[in-house]
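*Asks:* Since each chain comes alone in its own frame, lean on the hints to assemble the complex.
Each chain, letter by letter, is given below.
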Amino acid sequence: MTDSDLDAAVVRGPFTGLRVLELGRFIAAPYCGQLLADGGADVIKVEALIGDETRRNGAILPTEGRQFLNKNRGKRSLAINLGDEAALAVVRKLALRADVLIANFRPGDAARLGLDYPSLSAQNPRLIYAENSAYGPQGPMASATGMDMVIQAYSGIATPTKDGPIPHESPIIDYAAALLLAWGVSTALYHRERTGAGQRLDVSLLQAALVLQNNSINHIDITDDWQGELVDYLKHAFADGLSWADVLEHRRALQPHAPVRAYYGFLATADGAVAVAAGTRPLRARMLELLGLEDRWVAEPGWEPPDAHAHADEMTAKVESRLRTDTTAHWCAEFSRLGIPAAPVHLREQLLDDPQAHANGYFVRLEHELVGGITVLAPPVRFSGSPLRVSTASPTLGGQTRAILAEAGLSAPEIDALIERGAVAQWQ
Amino acid sequence: MAAIGDRVFSGIRILEFGQYVAVPYCAELFAHGGAEVIKVEPITGDATRANSAIIPGEGRQYIIKNRGKQGIPIDLGTDEGRAIARKLALSCDVVLSNTRPGLIAKIGVGYDSLAAENPRIIFGEISGFGTEGPFGNKAALDLVVQAASGLMISGRGFDGARPLGNEAFLTDYTSAALLAFAVASALFVRERTGRGQFVSTSLFQAALMLQHGNDNVFDAVDAWKRELKDWVETEHPPLDQAAERRSDRLASDRWFFNTFETADGVVTVTAPRPLHGAFAAILGIDDPMVSDPSFSMPDDPRPHLAALTHKAREAVKTWRTADLIARLEADGIPCARVALPEEALLGEHAAANSFVETFDHPAVGPVTLPTAPVRFSSSDYAAARTSAAYGEHTISVLRGIGLTEAQIDALIAARVVGTPGQSPYH
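If you read the protein sequences in the order shown, they are chains A and B. As numbered in the numbering used here, residues 863 to 1290 make up the first sequence, in order. As numbered in the numbering used here, residues 31 to 456 make up the second sequence, in order.
These are calculated hints, taken from the structure and not from any lab test. Remember, predicted model here, so these are calculated numbers, not experimental data.
One side of the interface only, derived from the structure: several residues of chain B facing chain A at Cβ under 8 Å: (1) I94; (2) A236; (3) K259; (4) R367; (5) E378.
The C-beta atom is built at its ideal place from N, Cα and C for all residues, glycine as well.
The shape of chain B in the complex, shown without the other chains (with noise of 0.2 Å):
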């Protein structure tokens, strides 16, 4: 075992059933602070290495959330690929999953038949939905999760009455830090009572704390919210009127929270108190929320509020966007102009803080990508490595189980497991 204290997870291993993007990206999270991750492939290779392919075998999308693992691809369809599985798990601290739900226990990796020959096992999965009700064993992606979930709604860009949805996998990502947050609680509880646990969570519960702020329902005030449900599934209006009379019951139209066109360009500021009353003297508007005292909001708040954005609006246009935010910046009021993601990503203050990096994949050349997204001041915590080759670690990963040189050559010859010399992107 490594010294502790060097790497955050150092000594800490961990086998990953995962497919496409949240556990293969919660297992990197580990990977980057020293965790010895062991990624199981299909025998045909991860479903993301043919995906936008680089180069045959080195997708775009396992390249970014695979680095720094061991990789070995086995064919869970055997008896002896099981077994090998098997065996992995039972040698780590930690197995992650988000296969189909019920395949992990068919396979013979189930969390309660792992426990039950190591308790200090820690099982984290994520599923789609959850695994109870009618959603319980759907297959789910991200885009699905966004759709079921009103998250496609709440990101408000409609192309006529089709919603667009966000181009980020939001609750991929969500639920691989969810994941993360779990496991590394569950390891902290396991050392101080020796004791591993099963712990779970949903791309449906990422989805559902995305919109936390609205998720719920206050008795009180919200009343509304069932009238709406009930309104769209008796009625079944179409989606654009349905979104439109939801947003007109919200009254969120906040000018003071909002994305403006400037004379050239458009910005964002956000300025709530006390920050407010800066913006409309900047902007020249009087707001009775900040003037008046006992101003007290219209029952129908909407005609007032669309009128106070409209002047906001108005007076936004004459500035320039430079203009614009030195002037809210000399008053701390939060602004930026709006960027593409591929300014983000190359611009200086991304670098500046080093939250992206380049590193050199040995198959396809230099890799700029985020890096990884929490700064510790004493624990090593870094990305290192690059992800692996098909079948790169095949061969020492079965040595690591105790398996001899003619049982691999068995192995391999067998193609219950993959190796660089039979990768099937040749």
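Next comes chain A alone, as it looks inside the complex (with noise of 0.2 Å):
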């Protein structure tokens, strides 16, 4: 490649020429997946023959699942059975021409299969080694088995409720994890550029879930002993029959608080919910002057109320009696009008036909082989230089297994020995 080649090309996509292998299950390092693909990236994903778990889930057909065909697109499928020797030979030497890795091995499978970052790297020093777990490599969950569920569970992000804790609809630990492992590689293919030098990098869901949570998870000795308090508390607790409704009310009377519930939160209109969010003191005494009326903890800077909570209801009733009086759409006209942040609440569903959503090109339109038309989203990140673009919708399971095999540098013979023994699959 000459070095203008190499411009043009890198200007169709950060990772063009990059060549990625994915060991990726479910969530985290497939979607990690999908963002180098968009950027231009050839990535080879390794699926067990009956194809990866996610091609069932949500089966729009047999094997295109709504959850595989939404973070694989992009993406060549080899169709392989880990658990034959010749096969994983072939893995192995696709690793060894790879820049990148990606892999959501359950604890202990990559050492097993000989796909472990010492064994690689030792023959492949520029590979860079991008791996998911869910609680990390160190601790008393260390191998344990982990999912988005679960670590939404286990890190305190769940929704807690008077009825019992909540969990997000959507997987949003697993989402949080692939970015910040897609950041990971991007950087270490930085560190690369400089240095020559691949490396090994990890991420887990447990720390995507504390990054999540880094506003409210950090502990100031000199005012948060409280938090070890509620913790003490919490070992005995529901063993003495304590509810969810009891806890809560004991977290809340422990836990210090600023009267903000009413310019900061999901407050009741004449038809509906508004978002507000008054996020300083100045437009906080924006929103009181709208309503026409008064809290002495905006007035005067300093001032703390005996009772935080009780002044927090007191206003926030307030607040809603005044919005009560008229529609959503009139309150967040009034917001914008001040510049304070307000927006109506929405269904999710709302979002696929939103102006706003598409005017700034968030989804985009692909027709796949076997399953249609499909509306998914975009890229989230927008580059002027070198854009991340869809390319194709994901592949069919082992729909390039043969051209990914003789890229290996097996022969014919050798790949159609490999398929006569089921050991990989090659679908039309």
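*Replies:* Rendered as structure tokens:
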């Protein structure tokens, strides 16, 4: 490749010319692989002969499920039996010619298969090896398997309600972990470009869940003794027969509290609810003026109400009594005029035809060869010079097996032999 | 320039025009990797210095996402202040901003005008809703975007008709990670081509991304999504009723991906294939999806799914949490007791992995918080220092772009820049 070829290629996508081998299942590693594919990388997805588990989640056709289609676009599929020695040797061969390997193995699987970083990097020192685990490599949970839903429980991110914690419908931790992994890969590519050396990087779902909660997951010794008290209390609370309502009430009483709820939250209107985020004192003052209300906590910096919870309850009731006099649309317009962030509360399906989302190109239309027309999310970052682009829909199972094996240096008879004994599969 | 390789972002200089959460956290990720990050604060101090302040000028939300940075308060309302901002920007590899749309160009540090003088510059921007469309210039904070994007509803917690939303700032942190990915990718591209570029994302895109699993329309099966949207927009049903109809339509009541009450607590279990059958066996449930190869889901799957969920709930109620977890783990089925965030933060597991660490902040004392969320085997990548005091680095930053002592003194006297002695928090 000449310099000008490279220039032109890189302008097509930041990862043009890179070979990525993905041993990814479910969400975190596959979505990371898709971000690299959108950026022009050649991503080979290694699948079991029966296909990635997600091919059957929300299945539209027997091998084409929603959860596969929406995070494997632009990749090529190699359907292979990792239990077969010769087939496994092919995957190792592909790893030795890859720039990046992305995986979310079950604990211990990588070493058992000889696809661990020390084995591969000994022969391919430029390899960037990106691995996602559930809980991280050390500690009491290191060998436990995990999935988003379980880490939503373990990390405390599920929304606590008096009837118990409610997990988010979307696997939010998986997606956050995928992003951190993708950022790690880009960072390691940059580092390799400067030094020539590859490396291993790892992210866990638990870490991603902590990042999402960064605003409140922290402990400042001079003010936060209550957190340790709460943890001790929780060691026996449920065993003592207390309910979630009791636990949350206890937490609320312990937790230091600024009375912001009247200004930052979901507030009832005449026809639903409006989200308001008057995050600073000047915005709160403007909001009070609009509603014809007064609050000493806003007016006098430094004044704190003797009972913050009672004060917040009282102000929230006053604010809502004003907001109930008109519609959500009215209040959104009024808040917007004053520069106070506000929005109506939507159902997710409303976004699919949302003019805002479409004006910014946040969705893209694709044709899948088996499933037909699909509307899916466009790459979530815009680059002015080397854009991420959607190339093709997700691959059919084993759709490119033969071509991938040929690139790995296998002869046609060798490939036929592997197909013959069911070590790999090529479907038309 | 520091030696390449000892820190992954050694020698990289970043100017941050960051507000609140998203860009400050993104810039902190680069500071952890050894980049020199200079944060421009309003002359009155960053807004988060005063939010839940521990001591005057040191708020929790400032301390936790401005570690390892230098800070310089500048009055960007003055010509002199804007000239300094531009000079600083041109001395940097990367400029990051989440100021109100249009503001950054108005003060003379927009990407186009910087790139005309320095084509290697990388500019990263996070907006609320993107730059086009009806909300293109809308002020936004995380919670508002959680509302507008459906994220609030998919969080599923309701208090009557009012959705609760997630306590965590989901779109802020997700967009921070997206921008970090984009900037690192742009640095990689610049290393290959010599050219910088403009990269951007939005809180709104981050919200869509978090709902990626179902934020899509497959024409073959998804006609109901447009029907639901039209019904909501013409009938204006109360939000809880709308959410209920949606939830019925999703029919996502999977008993084997669920949160259960046990005899003494609450536990979450996820048993996708091939673990599904093992979980059914442990609970003594017969799920025809596992046991009957000829089973096909009824046209309306809801009664069938609800009956199985009910059976599973009854079965789990007879188990003690610890016993159930031990039994499930023996079969490799992912499960966990439901924790509060404080337990995750202060628990043994996070400590064992160094996912959290304790720092000594010079003004407020010990602070425990999550560490850098990615681990590299050969690049030094770690959170090193605490956040800066108001104006702590003003003089050294100005010296760094070649200003004389007399020029610096004049700027301080005119209050165009701020120093600790002039802190508004005394």
